[in-house]
Amino acid sequence: MAAAAGVIGALLGLGGGIVVVPALTVLFGIDIHYAIGASIVSVIATSSGAAARYVRDHISNLRIGMFLEVATTAGAITGAFVGAYLGGPALFFIFGVLMLYSCVVMFQRGKMERASMTGAQDPEVLRQTPDTNQTLGRRLARRLRLDGEYYDAALKRKIAYRVQGVPMGFGLMYIAGTVSGLLGIGGGALKVPAMDIAMRIPMKASTTTSNFMIGVTAAASAGVYFSRGDINPLIAAPVALGVLLGALAGAQLLIRMRGTVIRQIFVVVLVLTAFEMFLRAFGLGF
Amino acid sequence: MADEQTTASEERKEQALEESPSTAALSSAGTAGNSAGGANFPVEEIIGWILRIGVTASALLVVAGVILLFVEHSTGYPGSLDDLSTLLHYGHARATLFPTSPGDVFSGLAQLKPFALIALGLVLLIATPVLRVAASVVIFLLERDYAYVFITLLVLLILLVSFLLGKAS
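Protein chains in written order, with our numbering: chain A, 3 to 288; chain B, -12 to 156.
Hints are computed from structural coordinates only; laboratory data are not their basis. Check the hints yourself; a few may be wrong.
Claimed, not checked - A few chain A residues that don't get close to chain B, going by computed Cβ distances all over 10 Å: (1) F95; (2) L146; (3) I267; (4) F277.
Said to hold, decoys possible - Derived, one-sided and incomplete: chain A residues facing chain B with beta-carbon distance under 8 Å: (5) I32; (6) I46; (7) S49; (8) S50; (9) E71; (10) V106; (11) M170; (12) F172; (13) A222; (14) G225; (15) P235; (16) L236.
Claimed, not checked - Only part of the chain B face toward chain A is listed, based on derived beta-carbon distances under 7 Å: (17) V53; (18) F57; (19) G78.
Just so you know, these numbers come straight off a predicted model, no measurement behind them. Using N, Cα and C, we set each Cβ at its ideal position, and we do this for glycine too.
All chains, please: the whole structure from these sequences, using the hints.
This is how it looks when you write it as structure tokens:
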């Protein structure tokens, strides 16, 4: 179970935290606090386990990641503190709403790209059709040198991209960090759409950069959880080991898949998880 | 003078991109945001190595701790493996059941407590992303990208603050 979470998490840049908490609480009847503690460990395991490979393949973008990390780690601390005051149902509801929203937006984007596709052009190249280069987002992106490129093994070509929507991305990352600190998840479900949609970063670069970022954000929350006694070795150990094995397997797959397929899988996972979130918001659990 | 020239060439690059996105995109990437370090110094490879070593070491420690757990049939702390409910209950006494600070971890290690060994592995795992951030500071220093040295140090500072705050609460 933990291995499957690891594979899915690594593949989609999610960090697997979304699967771990419900699985532990529902299938094994474990207290949610211990589940969250184990989950944050698994998130780091997925992130560090898979990221090693991505970094060497130059797909993830270090500057984008680092710059946005300022927002996510600050958010994680905020979340860990606010979390003491907000109730569970409220959190699940907010999260469910956000996820459905990202899901819808990503789906729309996919439709638009398929409609305008000509010949063998991959949507990842088309999405870079430039808007004006003078928007605040573009100016910041150039100032901070966030643009990048990578070699796509599935398409057998270099993909260069230009980053947009920087302030929006930064703000979204802060929110993603806060939610991560609140729920003990990686927050990839919020980070990837933020990068993919708001900042127009290609899917593969978004998911791999997200993977790296997730680990750092989770580390910010993990310190708090550990001191609180939320990380129980009996529970965290098998989860961490299972997820590590899964993450190693998942990283191999990502390099070879097409960005659009990844997005489709991502949408499916988002819908399922959003559904689960709403159930919990209304006290139904599942 | 130099500024005008840079903007002019930048504009030409942007124009080239607009005309034929697919081919021009390849040449105008410039200093790509995601390739750090010069061709001579494989800094990103080193980060990859650090992560792998950290993750592998933590996994080994956790495995060793789990083995010890079975061999001794005890966690090294109060709570019985025969009655898991004692270990799974989320109560106020949980700080006695397993380590909750680095100090606890090390004192537990000194007595070879299985849970302390597992906890050490987990703490190391938690440290791997922090190590990665620290390594990034070095990368940016080598690239003389001081703006990003600052940004990365800021992240490191925030992480440090989070660990300290954790202890306080």
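Right, here's what the structure says about each hint:
1. F95: The claim stands: A:F95 keeps its Cβ more than 10 Å from every Cβ of chain B (closest is about 24 Å).
2. L146: Incorrect as stated: the minimum Cβ-Cβ distance to chain B is 7 Å, not above 10 Å.
3. I267: 23 Å, holds
4. F277: At roughly 27 Å from the nearest Cβ of chain B, A:F277 sits farther out than 10 Å, so the non-interface label holds.
5. I32: Interface hint status for A:I32: holds (6 Å vs cutoff 8 Å).
6. I46: OK, holds: A:I46 within 8 Å of chain B, min 6 Å.
7. S49: 7 Å, holds
8. S50: 4 Å, holds
9. E71: A:E71 check passes; min Cβ-Cβ to chain B is 5 Å, inside 8 Å.
10. V106: 27 Å, violated
11. M170: Where the cut-off is 8 Å and the nearest Cβ of chain B is about 18 Å from A:M170, the hint is violated.
12. F172: Violated: closest Cβ of chain B sits about 12 Å from A:F172, beyond 8 Å.
13. A222: Where the cut-off is 8 Å and the nearest Cβ of chain B is about 4 Å from A:A222, the hint holds.
14. G225: Holds. Min distance 4 Å.
15. P235: Given a least distance of 4 Å, the restraint on A:P235 holds.
16. L236: 5 Å, holds
17. V53: Status holds, d = 6 Å.
18. F57: Because about 12 Å separates B:F57 from the closest Cβ in chain A, which is outside the 7 Å limit, the hint is violated.
19. G78: 9 Å, violated
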